[in-house]
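Residue numbers (my numbering), protein chains in the order written: chain A, 1 to 639; chain B, 640 to 917; chain C, 918 to 1201.
Wrong hints could be hidden among the right ones.
To be verified - Each computed DSS-like pair below joins lysine-lysine, with the alpha-carbon atoms no more than 25 Å apart:
1) K172(A) - K1028(C)
2) K364(A) - K1061(C)
3) K364(A) - K779(B)
4) K862(B) - K1135(C)
5) K374(A) - K1135(C)
What the hints assert, rightly or not - Away from chain A, derived, C-beta distances all over 10 Å, residues of chain C:
6) Y920
7) E925
8) D1017
Quick caveat, the hints were computed from the structure, so don't treat them as lab data. Think of the CB as a built atom: it goes at the ideal place given N, C-alpha and C, for glycine as much as any other residue.
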Amino acid sequence: MADTTTPDVVHHTYDVLVIGAGGAGLRAAIEARMRGKRVAILSKSLFGKAHTVMAEGGIAASMGNANPRDNWEVHFRDTMRGGKFLNNWRMAELHAKEAPQRVWELETYGALFDRTPEGKISQRNFGGHQFPRLAHVGDRTGLELIRTLQQKIVSLQQEDHARTGDYESDLKVFHEFTVTELFKDGDRIAGAFGYRRPTGEYLCFHAPAVVLATGGIGKSFKVTSNSWEYTGDGHALALRAGARLINMEFVQFHPTGMVWPPSVKGILVTESVRGDGGVLKNSEGERFMFRYIPDVFREQYATSEDEGDRWYDDADNNRRPPELLPRDEVARAINNEVKEGRGSPAGGVYLDIASRRSTEFIRKRLPSMYHQFKELADVDITAEPMEVGPTCHYVMGGVEVDPDTAGTVVPGLFAAGEVAGGMHGSNRLGGNSLSDLLVFGCRAGAGAADYLDALAGAPAVSEEAVDAALAEAEKPFSVRGAENAYTLHQELQQTMNDLVGIIRRADEMEMALKRLAELHDRIPKVGVTGGRAYNPGWHLAMDLRNMLMVSQCIAMAALERQESRGGHTRDDYPAMNENWRRELLNCSLTDGPDGPQVHLEHQPQPAMRSDLFDLFELDELKKYYTGDELGGHRADQGM
Amino acid sequence: MTTTAHDPGAPSAENPGRADIRARTLRRDRWWLAPLVNALGLATFVVYATIRSFWGSAYYVPAYHYLSPFYSPCFSASCVPGSSHFGAFLPAFPPWIPLAILSLPFLLGFRLTCYYYRKSYYRAFWMSPPACAVSEPHGKYTGETRFPLILQNAHRYFFYVAFLISLINTYDMVVAFQSDAPDGSVRFGLGLGNVILLVNVIGLWLYTLSCHSCRHVTGGRLKHFSRHPVRYRIWTTVSRLNTRHMLFAWITIATLILTDLYIMLVASGTISDLRIVN
Amino acid sequence: MGYRAKFEVWRGDSTGEGALQPFEVDVNEGEVVLDIVHRLQATQAGDLAVRWNCKAGKCGSCSAEVNGRPRLMCMTRMSTFDEHETVTITPLRTFPVIRDLVTDVDFNYVKAREIPSFAPPEDLAPGEYRMSQIDVERPQEFRKCIECYLCQNTCHAVRDHEENKAEFAGPRYLMRVSELDMHPLDVRDRKDAAQEDHGLGYCNITKCCTEVCPEHIKITDNALIPMKERVVDTKYDPLVWLGRKIFKREDLERKHATGKRSLDDAGPDNGSPLPADSIGPAGT
Ligand SMILES: Cc1cc2nc3c(=O)[nH]c(=O)nc-3n(C[C@H](O)[C@H](O)[C@H](O)COP(=O)(O)OP(=O)(O)OC[C@H]3O[C@@H](n4cnc5c(N)ncnc54)[C@H](O)[C@@H]3O)c2cc1C
Ligand code: SF4
Ligand code: SF4
Ligand code: FES
Ligand code: FES
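Bound-form chain A, shown alone (with noise of 0.2 Å):
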């Protein structure tokens, strides 16, 4: 069926393209659309079903609408915290900044979020967030704020109809659109290569500046609340252009996924269960998270029962109950539990608000939940338990960018949302994700904006660079039936999912390196059937070579990294090392003996600057410093 004449390629021009079309793409497009650029948004799936729309619990901004004692400062403490310290700080103090004004402006776009009494945005508790602080609507945050961003962007189509009498005149979405290849000009960004997957129509975007917004990696492990769209493209396209992604060890295991049935295993149960009053408990009905809280969170969580139940009530007064920890010290406490024998049956742990809250609080609050469990499960949680387990949930790690401007070491080229990293360090906080994708969004928008108010003269797509690209895309189909692509990817999530996963092993990681560098071998044998209007089989050809490449990122820094630390967690290195700290592990490609390989460096995390580590107590911060670091601290000044 496959023809056999070379395709034809269309070109576009724009002034900034976006790539992804979930809240850090519409964001970024809306701020530089704002900006008076020209811009094109692309996104492999169809347009306002970006993976965002999963999102279930609420966006983290210290409005402080639900505690009045919530602002900024605290909100970054958290997710420094939560971070262990090793967040980029420049971008966590920026995002606790202005995370407020970010959703209030969805407001202004139509948002309608659940609201508190004084008509205010109402705020729910999260896991590492000292004050109730995500603003919510009921448990499908993520649709209000795509569907909002959305809106909007439709909105400003209609200003330029008005004007132009085009709704696609300086906006225009392409969807279903899947990028393979990114162009560059000398060192800097020239435009991007893709194909319509409706029709397999080549397309060639020539634009100076380019935002990833391409989501994360969750497609390389088998048990993951990630959709198909999660293939790391972003990550691998900023590789192939010569950025660096950092942090690529860590890796969020959410510790809440669905277990049974075993085709929905991985679907996400979101946070605000728990933090709705839901508790987790082992086969022994032992309430079990309260043996599991680590000394640097000893000072903020209850030590019993009854403290942690009043917390609900009054969080002024109680400390908060240990469910309500952060993600990766919860997902370690239930795959210990249930290695020692005291899981459920379906190989989890009990999810239990039955019994503690009401019917209609239930159906009130988490409609969705009760929606998916009930036709998924056929689990009615308002009377039973639910059966939970740890998931892949999101990658830490990302392109490495400038925090002001989200712009990575490539000129023309930024990154924002889960594709770019640092920002939340080791581990993130629920709810920190959608005001990351508002806040650097925003910023990338704004920073290409400028970036092209500055720039001197066009960049130049070069031919030879398209015809490289667009025979890259035609390869399988003139490779015969040699490797299957499904088969495949089956075996990298099978590896990624036992050998780089939650709890690692170098000896384990090691052996994934080899399977790897095999997957590695087989990849470009893989053949497709069919032709280039809609083929599944393609598609997913063209993303394996993304998420190889990312896996093998993650499995390397992860052997590289000799510690315990947030979502990393080594068997033989159970421990955080304050030395670690300092390190941050980046990922670039080099070029090596058959192709570009994948590189792994050192580089040393920038310190502090002190006006925010002033912030801290010095007792907290001795848990995760060296003592030569704690200099510039105000308690030391005094002396």
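With chain A's structure known, arrange chains B and C with the ligands on it following the hints.
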């Protein structure tokens, strides 16, 4: 039902690029059952109501003051003595004019334009559509955009009138708790007929108050409930009833027929009323 | 537990030509129709086209017709079928087919663009919005919509009458009009437009949209009928007209109001001693 010759699924000039699936529907469940039952139910009511409205007798039981809802209010000089609860200020009617000519057109209009009945008869009689994902046998469709169906927008006025008629029906029901004593005086009385009348009136009120127009005028049209707490409360209640509007629509069909039938049988002497008190 | 099931899947291309192709495939406990389609892809038909994202009923991508009924494939459990039954999967009928189970749903994006956007009062800065929960609840129900387009596909006004696509926005977008009209802070008057521009009159309230909505939104009862009633208010109701004349209450209606551009206003701060760091004001 069989597949019709009409074949909207097939690609044609008007259906560019749709999947060429020839069958009218691929549904395998008994989708035709619901429209069929609806058609039978509605037809029964229409036939019964028409016959009885023109019947012209056996609608009033003087001894117990039972008045059939199909004859209320009875304003004509032709009305059986006693049945004109609000006076008989209209002249005698020829037999081809129903005695309740002042209310029947409005009640008919109310139900005809009722959002639920519309759904029901559009599906059951007009087959537009017969069931979801089953194609309809019409070449053209303009919905309620033009005459005559644009008149469906008048539902609200029928509601206003129906509300008044429900008050009259309530009055009729209350009056019927009196029965004539042997000495000609009037005293309290209670029979099966009263119970039936009561149930019917309750049904009518539930149906009338659960109307979408009622929901709208009581509160639905507001933009800010928070500024109108009382109307919000009313709206909430009406909305709750409104979710059962279909149920009430069918219940009232049944109670109307039952009430009238019972009164007809008693009035014509076919059966005698089951008396509980007096 | 597992069994072998018989499937028929429509396969064809953008010309619309195609046919039902029979398959036999393993089914395990707890699986949904989408799992089976994926199994077909991985084992028997590598190029079988299907659209999906979340596999949890949240994104609205996997709409198709299963045994003739419009459904989300990821939320249709295999246990609802008899083991001997042949399960038929076809693409949405109302939209042009791209390939196999994937249809071109751009109609919906075009309709979405025709609805004037949210228009807040001009004098409210971000952060100053106050709305009470009871006021936002009505539009919130409609915002549960995952844009699966099952309602748009099922509504007979366009399913059986391609020619109405130009005039009729479809239930999802009439519901959007309704949502904005009920939004406590939207100042645009949308009632006339609902009928004149978006084709509200084409809806004959036969409720198929409500029947197929996977989010269980009461589209007809809570959005379309109330919108029809609101249109009656402005177009046909003398009582309401009279009431307005007497009480001079316009219920915040301004027809051509626009929202203020949000970035011009920074909004209240949140305890930060500095104004939020910025790259510079939005230009142009
Ligand atoms: C189930 C679930 C629940 C969550 N809940 C929360 C929560 O409550 N709070 C919170 O803060 N965070 C939550 N998260 C995390 C958060 O949703 C994500 O991290 C975030 O949505 C990522 O957004 P993004 O804009 O970076 O990318 P996405 O929204 O994932 O968008 C990626 C976009 O890139 C496009 N794309 C990818 N590759 C290509 C390519 N090659 N060519 C063209 N386009 C491409 C995709 O089509 C898509 O449009 C949750 C995540 C999941 C999975
Ligand atoms: S109720 Fe109206 S919009 Fe909904 S399917 Fe029926 S005709 Fe279409
Ligand atoms: S209203 Fe319901 S059926 Fe229609 S698109 Fe939205 S979710 Fe789907
Ligand atoms: S009486 Fe049925 S909707 Fe008004
Ligand atoms: S795949 Fe998202 S709704 Fe089915």
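Okay, the hints, checked on the actual structure:
For a cut-off of 25 Å, the pair hint linking K172(A) to K1028(C) stands: about 16 Å separates their Cα positions. Distance restraint check for K364(A) and K1061(C): the Cα-Cα separation of roughly 13 Å lies within the 25 Å cut-off, and the hinted pair is therefore satisfied. For the hint pairing K364(A) with K779(B), the CA-to-CA distance comes to about 43 Å; that exceeds 25 Å, so the pair is violated. Among the hinted pairs, K862(B) with K1135(C) is consistent with the structure: their alpha-carbon atoms are about 19 Å apart, no more than 25 Å.
With a C-alpha separation of about 19 Å, the suggested pairing of K374(A) with K1135(C) holds against the 25 Å cut-off. Even its closest Cβ contact with chain A, about 15 Å, leaves Y920(C) beyond 10 Å, as expected for a residue assigned away from the interface. Look at E925(C): its CB is around 19 Å from the nearest CB on chain A, clear of 10 Å, so calling it non-interface holds up. Distance check on D1017(C): its Cβ comes as close as 7 Å (rounded) to a Cβ of chain A, failing to clear the 10 Å threshold; non-interface status is violated.
Of the hints listed earlier, those the structure fails to meet are numbers 3, 8, in rising order.
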